[in-house]
Every structure is written in structure tokens, then in C-alpha cells.
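Visitor: Given next are the chains, with one letter for each unit.
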Amino acid sequence: MLNAATFLHEGWGNVLIFAAFGLVFVWLNLFVIGKILLRRPNKPDQGAKGATYECGEPAIGDAWIRFDIRFYTLTLVFLVFDIEVALLFPWAAAYDTFIEGGSGGTAFVEVLLFLLVLGVGLAYVWARGDLQWTSTRPGRALSEESLKGGVVRVPEASQPEEAPR
Amino acid sequence: MTTIQGVRLDEGERAAPALPRDILTEELVFNMGPQHPSTHGVLRVVLRTDGEVVLDSQPLIGNLHRCCEKILESLTYIQGLPYVDRMDYLGALNMELGLVLSVEKAAAVEVPKRAQYLRVILCEINRVISHLFAAGQFGLDMGAFTPFLYMFREREEGLTLLNEVTGGRLLYHYIRYGGVTRDVSDDWKRKCIAWCDQVAAHMDEYNNLLTYNHIFLNRTVGVAIIDRETALRYAATGPILRAAGVPRDLRKDMPYSSYEDFDFKVPVGPHDKGVVGDSWNRHRQRLLEIEESLKIIRQAIAKLPAGDVANPKVTRGWKAPEGEAYVASEAPRGEISCYFISDGGKAPYRARMRGPSFYNISLLSEMSRGLLIGDLIALMGSIDITLGECDR
Amino acid sequence: MTEATRPGRPSYMPPPERFDPEVEQTILLTKAEWLVDWSRKSALWPLGFGLACCAIEMISTAMTKFDVSRFGAEVFRATPRQADVMIVAGTVTHKMAPRVRRLWDQMADPKWVIAMGACTVGGGPYFKYGYHVVKGVDKVVPVDIYLPGCPPRPEALLEAIMRLQELVESRSKRLNGKDPGFTPPEKGSRQAKKDGISPVEPWETEKAHKFDDAKKKQEEDEARAKAAKKAAAPAAPAGEGAPGAAAAPKPERPARPPKPPETPNPEGSA
Amino acid sequence: MTPAEALRAAMPDAVEEASDAFVRVKAEKIVEAARVLREKCGAEMLHQISGVDRPPDKMEVVYHFARLKPAEFLCLKVSVPRSNPVVPTLAHEWASANWGERETLDLLGVTFSGHPHPYRILLPEDWEGHPLRKDYAYPVEYHGVDCVE
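Chains as they are written, first to last, in my numbering: chain B, 1 to 165; chain F, 1 to 392; chain D, 1 to 270; chain Y, 1 to 149.
Isolated chain B (complex conformation):
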């Protein structure tokens, strides 16, 4: 039977407060801030606003270029070890139940095995030199010939010089 005491006791009080709070925020967003947003200055393509920002210059060169492979392998390596850590979290959380269940030792050894397997992967990648993402392997763009430099060489002008009309 619903009366004031049971109403509060069964927790409906909290629901009432949260509902009130929710409605206030809904009203605030829809009506008050909504109207203000409607009246913000809205000039999406004024002048060069849409152009890519490159320190105040019209962007030269092209961003859609073929990057070096080494960045791709590096992200793959990161992905693998990220998942590995993600898998360690539940194990760590449940480790006390293992101890109560008496199989703490075996759980620990299993994790070591798991880490060992991934360690082998890390060693392979390390030996192959893929972790060294800064320097490029010989034969890549950073060969002696291109390091000779001189004036900046660029494939071709991809952007007209004058500001877009």
C-alpha cells in the first residue's frame, strides 16, 4: 500500500529526485541553450575558414601520400600488447579467488606462460628492428642520395598559390 513512509522506504524518493534533475537538464538544454545556440554566429565557409590550417599558409604538398610501412607494423605491435594487458586485468581481479581455491600457484604459472608466448613475439619484432620507428631502413627514402638535399624537392604543386576565391 502506498503511503509516504513506504514511498520513501522503497526508494521511490531517489527516483523522484533523479527524475526531477533529469527534467531540469532536458528543459535547460532544449529551450534555454537551444535558443542561444540558434543565435550563435554561424559562418561555416567565410573566406578561408574551410581551408586546412598550415601555420597561416595555404597548405602545400599532399597529405594523402603513401607513408612508410614501419608505422603500420608499429601500430600492429602496439595492438597486440594492448590486448595482452587487457587480458591481464580480469586475471588480476580474479586472482584472490584462485588463491582461496588453492590453485594460486598454477594460475600464476599459467600467466607466466601467457606472457612468455607474447614475449617471443616481442623478441622477434625487436630483433627485426620494427620498434625502431624513427630511423628508416637503408634503401628507404632516407638513402644517401636523397639526403644530399639542396633545395626542397617536392613531387608537384597540388595547391594553387592564390587564396581560394
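Be aware that one or more of the hints could be misleading.
With a straight-line Cα cutoff of 20 Å, these simulated SDA-like cross-link-like pairs (lysine to any residue) come out [stated by the list, open to error]:
{"#": "1", "chain 1": "D", "residue 1": "65", "chain 2": "F", "residue 2": "156"}
{"#": "2", "chain 1": "D", "residue 1": "128", "chain 2": "Y", "residue 2": "58"}
{"#": "3", "chain 1": "B", "residue 1": "49", "chain 2": "F", "residue 2": "160"}
{"#": "4", "chain 1": "B", "residue 1": "49", "chain 2": "D", "residue 2": "81"}
{"#": "5", "chain 1": "D", "residue 1": "65", "chain 2": "F", "residue 2": "346"}
{"#": "6", "chain 1": "Y", "residue 1": "58", "chain 2": "F", "residue 2": "323"}
{"#": "7", "chain 1": "Y", "residue 1": "58", "chain 2": "F", "residue 2": "322"}
{"#": "8", "chain 1": "F", "residue 1": "346", "chain 2": "Y", "residue 2": "135"}
Cβ-Cβ distance ranges computed for the label pairs, FRET-style [to be verified]:
{"#": "9", "chain 1": "F", "residue 1": "275", "chain 2": "B", "residue 2": "96", "range": "39 to 49 Å"}
{"#": "10", "chain 1": "F", "residue 1": "222", "chain 2": "Y", "residue 2": "21", "range": "18 to 28 Å"}
{"#": "11", "chain 1": "D", "residue 1": "221", "chain 2": "Y", "residue 2": "58", "range": "22 to 32 Å"}
{"#": "12", "chain 1": "F", "residue 1": "275", "chain 2": "B", "residue 2": "36", "range": "56 to 66 Å"}
{"#": "13", "chain 1": "Y", "residue 1": "140", "chain 2": "F", "residue 2": "163", "range": "38 to 48 Å"}
{"#": "14", "chain 1": "F", "residue 1": "143", "chain 2": "B", "residue 2": "32", "range": "35 to 45 Å"}
Bear in mind the hints are in silico, worked out from the structure with no lab data behind them. Glycine included, C-beta positions come from ideal geometry on N, C-alpha and C.
Keeping the supplied structure of chain B fixed, place chains F, D and Y upon it in accordance with the hints.
Guide: Coordinates of chains F, D and Y only, in the frame set by chain B:
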């Protein structure tokens, strides 16, 4: 030859021919342009990079060309002085001294001893302030914001000191041909000595905070090494040359404005860490030069002779007689010089000012090949450029 | 002579588009409008964009002694996308002008401009002989606050930021009709703030283009007639004493083109 | 050894005028003269290149070399006709000449033959005229922005 935004970029092959065709990778060309936190002003650098490694760069200057030399030829002698201040707005008094020295040598104007001492005192204070800004800015480029705040504390006191004598905080118009405009009071001398002690006391604080900071060391030791030969080839002078091991300081080698009366050491070459000529040595070089400048200030104040501060013969409408001179002096960023020609007219016939940053930046293109982009920032921060004197 | 190619209008500037007032008049708001303006005023993020000597004074203002963070403006954003105020601190040269304009275009609205230093207000010391210096940055971007001084002291920049905050805050008063129309604050800014006097919104009147329809055409014709009459008179050789030895005649300054017409005070508030 | 003696000894015909302050050489011989200064007189740094406009017919290019031990400046002058000022470039041996000559080209219009990158350095690419010439007419307008208020 393609032109992109005023940049003459040579037509070049897409990548090194040694690559097998299938895994051809391209280079990214972009601007580290006029509006960039680490270019210390409106310098624009076009970079060609492979990933993080800079293959080639081309600094493009001229965004702050303010026609200084044409103005010096159009205005009378006295009117032209404020424009020389605005060349290196961080070491403005040294710029004034540069122009004034060559005009005085050409016109054989005699400067009273007290005025020479006052010029030395204020120029050295200006050098300390400029080096504090440069060291703090370099720390800021490397990501350490706090040292910049600490160094600015001393810099603000120094600015108030100069403000008290010259009337300006950053640009002073204090030095005239044949002397200076105002004398200093005894109270000011006491404050100046107190300020010198304060800066000297805080030097080890800066070193612990920034110079010997582990991260800073990793970022700057052995990075962008400018050796003696490259510096001389590009005529890069000042802390860059001295950090590269060349004991060249015009205050010692070609003394002017009675610098020979003071004994101070010229810090040179490899300091206690890092390789000779690397970014860390340039930074350490500036901090050591601050300590030397403080010594000079103390000696100059102690030995300040009596006498008037300006040459009475030089009045407002003064004109230099026919003649020419080339005098160089040591500004915080390098050697400035003025090739002054006078034909007896109301204005200088030609006053060719040398901005050290103009030559310090020109070695950026060769030095940046093979650097990482972060190291290029270390290189630019350590050579400490001011675009005012670079573009004039 | 279309609007885009009117002399005195930089070629890299897009043609101005009209701001349609209807959207604004329909909705009158009180507290919410003030809330938005108060939040914008208290967090004016400047664009880290120092050109010359004034930039060093701008950095001094951001440091501990003058501490611009008391006004919420110490976060210097490196990219224009996240900046609200463009403090043009230093000499704008002709080579730099298109870049300043592009940076201003790339800033998100609402945006303001403080012209810091005599060079940006009107060419400053480089006015007469600076062939490469733009005589005042309002030829390039619409300026809200002009801050003279060479370089202005950090306290002056703080004053400029306070004036800008009044400009931002006055927007809600103006929109709510409580504003008796734009008259520049005669006495100190405190007085102006009390009276609720506020200039018109920067993004509504493009000050840089200084144009208005009928009235301007008539002023231009007058100016052109006067210039033609002055050009007819013998051009007196101006300029200082030519250097004695050189035989070449001193080049006298070119005839002054008709002055671009001023914007009259907008008649009244919305 | 002073520059005057060294240059007289090395290339007597190229020296037009020699005094203790400077040596004026023929324009074509400037590269060899600089080389003599480097080997014989110990000039280690090209300190400054200055162009001087001497209307109506002369244009001067003044090179200041810096010697470190004992510290001194050695001056070379070259005068070329003002109508077509051409001077061979020093940029291949003295790297600081690269930008110095580009600025002289930019502000005074002296072309340096053989320069690796002969373009304006300070003024925009499409700027007309060379400002430091005595008869330079101020621009009225550049890209739509008025130059005279």
C-alpha cells in the same frame, strides 16, 4: 621549377631511385610556417620529411622586413636611432651601440669615459635579460614551462632597472652619438648591484631546474651539432660560434667602448656535458655568459668615473662629416656591425646593418637534414633567433 | 567597380556577405544571453601569434608579474581553431598580410581582434618610409580594440583586454534593447559599462571593408573631384634635401589616392 | 700579410685601387680575390655583403671578411655599372654569401651570376623595384592594400 607560395621548389624525382617500385614511399612536404610556437616570430620553414625524419628544409624569411636601412637613409641621424632598436627588440641597447659606434668612428666623435662605462653597464644588463629570455624560451620549446616563469622573474626586475634609467621597458633610445641621454643615480647603482647578486644567486636554481634536468639533457645533448667549420662557413657568430669551440668575442678580440678596462672570461667550447657545438652547449654557453656579464656590470659600477655623459658638440641637428667606417660589436645573438657611409648630408648615405640572426638562420637548411622534427625544434631554439634583426 | 575589387580592399579578401538581422530580433532573452556573454568574456583565449616587439610585451603580460590569467586570457592557443581573440602584436608587412587574413578567417566565430602596438593601429614608426609595412592592420582584418604604444606596456594590454571584455559583455545588453545606441565611452570604461554603452557586434559590420551603399558612392565622387583638382595644380617637389653629391632628383611621393570612405555611426540599436 | 700586398702579388692586373682600408678589384676576379684573402690573409668568415647605390652610373658591392687571429676586418670592393650590375657569386665557397647576395639582389638589384638560388629573400616574389636604390618610387598599392594612407 614549380612555385608554391613564393617557394622556388626544384622539380625532383619522387623518391630515391634505389627503392624497388612496389614499396615506394613518398615524402611529406609541409610548412612550419609564420605562425608557429617554436619559430620565435614569423620565420617560415618548408619541411620535407619521411615520417618524423626531416629530409630537407628551407627557411623563408622576410615576413618582418621593416625597411630599416631605407628609413636610416631617409631620416636625420638622431631620428634614425629608434629604428635600430627595433631590429633586435630583445637586445635593443646593443643594436643602438652597433650603429652609434660606427658613426662615431667615421666622424671621429670623442665619447666621454663615463658615457662609455654607462653604455657598458646598460648593454650588459640588456645582454643578461636577453639571455634569460633565450634560455627560458629554449626550455619552453623543450616542454619545460616553469623555468621560463622563474627566469622571467629576474628579467622583469632587470626591465624595471632599465626602465628607471632610460624610460623604456623594451626599446630604449638611450644611446646617442657621442654619449648617452641620462645619468644614473647612486640609488640606481645600489639596486643594480642587488639585482646582479639576485641573478647570480638564482643561477644554480636555473641549472638544477633546466640545464641539468634529465629530460632536457636527453633532448639536447649531442643534438644538431654545429661544428667550427660549419659555423664559420655560414658566418654564424656569438654563442653558436663560441659553443663550437672558437674563442671569438668582440668584447675581447676588438674591444670597443672601453671593454678593455674590465677583466672577464670568455666561456668557450665544450662545457661539462655533451659534445662541442651541440644544442646543450649553446644553452650552457648563454648561462655562463650571463655570469660573465654580471662580473662586468659590478666592475663597471665600481669603477664608474665622474664627468659628463654626452659630448656637447653633438647637438640635435648634428651631421656626420664625409667618411665611412665598419665597426662590429658583440650583441647577445651574435656580432652586429654597421657599414656606415656618410657624404656630409643631413642623413647617412648608407647604413648597412648586419643582423646576426640573418646568418644564424641560414645554416638551418644544411643542419636540419636527417634530424627528427623534435631535434629541429631543439636546433632552432638553441640558435635563438629574432626575426626583427633577421629581416631588418 | 564591384565590391570585391574596390580599391583599398585586399585581393585575397572574400566579398563580404550581409548579416540577416531577422534571426536576431525574433528572440529576446535576458538571463541566458547574459550567461553566455559572461562565460565568453571570462575565457578569452588569445591566439599565440607574436610578430615583433609587441609579442615580447605580450609574453611579459602572460608572465607572473602582470599575470593576464587574472582575466582568464592566459591560455595562448597555438592554432586559430581554438582561439577567440587574435592579438596582432607587431608590425604587419605586405608579405605577412595575406597570412594574417587567413589566420583570422580560420578562427571560429565569435572572434575578436586586438590591434596591439602603433604599427598595427596605423603603421606606427614605419608610416612614412616603410614601403613594406601595411599602414594599420584594419586594412586586413576587422579590428575591435586599438591599443597604441610602441610597445604598449603590459598594463596597457591588460586595459585592452578589459575593454574587450566590456565589448563582449555588452552584447547581451544591446540585444535586449537596453542599449541606448552606440556612442564611444567618453570617460573611463567603468562609466561606459555602467551606462551599458556598447559598440555594434564586430561580425555584423565588416569594418575592414568600410562600405555602405548609397552614402559612400556620393563621398567617393566628391573625393575624386577634389583629387582631380589637386592633381591639376603644379605638383610641388616635396621631400627633404636630396643628398648633395647625387645628381638624381629626389623622388616626390605619389599623388594620394581618394581616402577610402569612413563608416558612419550606425543610427541606433537593433 | 695585408690584403693590398697579397692581392697585388697574386693578381696585379685585377687590383684597381688599394689602400689599407679596402681593396677594389675587378668584378670578374672577385672569386679569386676572396680565395687569396682566405689563403694568404687568413680571412675565415665572410662577415657581411653590402650593396651601395652610387647613382648615376656606379653600383658598388662591398665584401667584409673577418679574420679571427688577430681579429680584424678585411674589405673588398667591387664597382659595376648601375644599368646592368652583374657580379660573380661567392656562394659556392662562402656559404654565408648565399643569403647575403640574395638580399643585395632583392634590395638593390645586383644580379649574382652562378648563384644557386637567385630569388628575392626579403620582399615578396612579385614586388616591383629595388627599394634601396636612390630613385626608388614608393608603391601606391600592393595586392589591393593601400601603401599610402
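Visitor: Is the distance from the Cβ of residue 143(F) to the Cβ of residue 32(B) consistent with 35 to 45 Å?
Guide: holds, 41 Å
Visitor: So does residue 140(Y) sit 38 to 48 Å from residue 163(F), Cβ to Cβ?
Guide: holds, 40 Å
Visitor: Would the hint linking residue 49(B) and residue 81(D) be met if the CA-CA limit is 20 Å?
Guide: holds, 9 Å
Visitor: Assuming the hint says 39 to 49 Å, is it satisfied by the Cβ distance from residue 275(F) to residue 96(B) or not?
Guide: violated, 54 Å
Visitor: Cβ-Cβ distance between residue 221(D) and residue 58(Y): within 22 to 32 Å?
Guide: violated, 49 Å
Visitor: Does the alpha-carbon distance linking residue 65(D) and residue 156(F) stay inside the 20 Å limit?
Guide: Between residue 65(D) and residue 156(F) the Cα gap is close to 8 Å, so the pair holds against 20 Å.
Visitor: Does residue 65(D) pair with residue 346(F) here, judged by a C-alpha cut-off of 20 Å?
Guide: Judged against 20 Å, a Cα distance of about 44 Å means the pair is violated.
Visitor: Given the hint of 56 to 66 Å, is the C-beta distance from residue 275(F) to residue 36(B) inside that range or not?
Guide: holds, 59 Å
Visitor: Would you check the hint for residue 346(F) and residue 135(Y), treating anything up to 20 Å between C-alpha atoms as holding?
Guide: With Cα atoms ~18 Å apart, residue 346(F) and residue 135(Y) stay inside 20 Å; holds.
Visitor: With the threshold set at 20 Å, check whether the alpha-carbon distance from residue 49(B) to residue 160(F) stays at or below it.
Guide: Status violated; Cα separation ~42 Å.
Visitor: Can you confirm whether the C-alpha distance between residue 58(Y) and residue 323(F) stays at or below 20 Å?
Guide: Cα-Cα ~18 Å, so holds.
Visitor: Straight-line Cα separation of residue 128(D) and residue 58(Y) no greater than 20 Å?
Guide: violated, 28 Å
The structure fails to meet hints 2, 3, 5, 9, 10 and 11 from the earlier list, while all remaining hints are met.
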